[in-house]
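Novice: Starting from the known structure of chain A, fit chain Z onto it as the hints suggest.
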Amino acid sequence: MPRYFFNTDDGETRLQDGEGMDLPDVQAARAIAMSSLPDMARDKLPNGDHFTFSVQVCDGVGTLLYSATLEFAGQWHVPPGGA
Amino acid sequence: MVNVFIRKLDAAGGLNETDHETLRRLSSHDRLVPARQDLIREGDRTETVYLVLSGFACCYKILPRGRRCISGLMVPGDFCDPRASILDEMDHSIATMTDCTVVEIPRQTMWRLIEDHPRIAHAVCWSMLVDGAVTREWLIGIARRLAPERMAHLFCELLLRLRAVGLAASNEYALPFTQSDLADMLGLTPIHVNRVLRDLRSRGLIVLSRRRLRILDEARLIAFCSFNPNYLHRIPVIDRISTEKAMNDY
Numbered sequence: 001m002p003r004y005f006f007n008t009d010d011g012e013t014r015l016q017d018g019e020g021m022d023l024p025d026v027q028a029a030r031a032i033a034m035s036s037l038p039d040m041a042r043d044k045l046p047n048g049d050h051f052t053f054s055v056q057v058c059d060g061v062g063t064l065l066y067s068a069t070l071e072f073a074g075q076w077h078v079p080p081g082g083a
Numbered sequence: 001m002v003n004v005f006i007r008k009l010d011a012a013g014g015l016n017e018t019d020h021e022t023l024r025r026l027s028s029h030d031r032l033v034p035a036r037q038d039l040i041r042e043g044d045r046t047e048t049v050y051l052v053l054s055g056f057a058c059c060y061k062i063l064p065r066g067r068r069c070i071s072g073l074m075v076p077g078d079f080c081d082p083r084a085s086i087l088d089e090m091d092h093s094i095a096t097m098t099d100c101t102v103v104e105i106p107r108q109t110m111w112r113l114i115e116d117h118p119r120i121a122h123a124v125c126w127s128m129l130v131d132g133a134v135t136r137e138w139l140i141g142i143a144r145r146l147a148p149e150r151m152a153h154l155f156c157e158l159l160l161r162l163r164a165v166g167l168a169a170s171n172e173y174a175l176p177f178t179q180s181d182l183a184d185m186l187g188l189t190p191i192h193v194n195r196v197l198r199d200l201r202s203r204g205l206i207v208l209s210r211r212r213l214r215i216l217d218e219a220r221l222i223a224f225c226s227f228n229p230n231y232l233h234r235i236p237v238i239d240r241i242s243t244e245k246a247m248n249d250y
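Protein sequences, first through last, are from chains A and Z.
Just so we're aligned, residue 1 is where the first sequence starts under this note's numbering, counting upward by one.
Just so we're aligned, residue 1 is where the second sequence starts under this note's numbering, counting upward by one.
Just so you know, nobody snuck in bad clues.
Label-pair restraints from in silico Cβ distances: (1) A/A68 with Z/A133: 35 to 41 Å; (2) Z/N230 with A/E19: 34 to 40 Å; (3) Z/C125 with A/S67: 49 to 55 Å; (4) Z/I142 with A/Q16: 26 to 32 Å; (5) Z/R83 with A/R3: 36 to 42 Å; (6) Z/G13 with A/D59: 55 to 61 Å; (7) Z/R136 with A/M34: 28 to 34 Å.
Which bits of chain Z does chain A cover? Going by a derived footprint, with three or more residues having C-beta under 8 Å, they are: (8) 143-151; (9) 182-192.
Keep in mind the hints are simulated off the structure, nothing from the lab.
Don't be surprised by glycine CBs; every beta carbon is placed ideally from N, CA and C.
For reference, chain A alone in the conformation it holds in the complex (with noise of 0.2 Å):
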């Protein structure tokens, strides 16, 4: 099975995959990309309203094979705090 690299960045902590992870072929490794997106968003989201979350996949000659990113804007329309 081919080796296939993930790069992440939460926005705060970006992450250059050293170990990679063996997987069928590059639609397996797209899933694990995608899913990967939403679990760094649950972690991050109560910290503020502006995020931007991404992943890059790589071989194992550092191509770059697929790329996703996830945009998380929430906007006050009253004062934070209240209205």
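Specialist: Just chain Z now, kept in the frame of chain A:
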């Protein structure tokens, strides 16, 4: 050799030396099963109850598209689902995660054990109830805890469960799982497991190296994930023995 199984069931309280001898005989015929092998699969007829004497095993189900979900962990001394002595068909699979020493107990033997030894019956029932409580706690974690707290909670739980059978001296224990294993236990992607492990390390809560986990400050880890050990229903046996000894000496 102190039998981990006896230590585990002793936490239920009330077992005497005759019961210990019965349990010792029960667990004297063990066999080695290599890592990552199914002991029993979902849908199989349940002829035996497995008992883990060394290594880690897990309960799991495979979801559509091949995704695995681990719903429980068995550490040394644990039964793999004693319900199998009553229910006819497995509703989940059980596999070894590492090399394991296991004992196979035929269901008729299990029935006799429970019929003839009321104190052991009580202890087996106690262990099933605790298993249920652990499952409930995992469910709550997956439903409501953020990933770092969820993982820290698992590490606290394992510390107490392994300490209870004498396998977590100096707040350190074997954590022979891959990131995919942890992901399947915690309901996360392996990618996120990697991030969360890094987060817990950078907070100075844990050190994980060569598949051994060291908890740097137990009180801080417990506070970090609001861990309440009440659901494990056990005082570590060593503590109890020393407390009893202290009381007797007094």
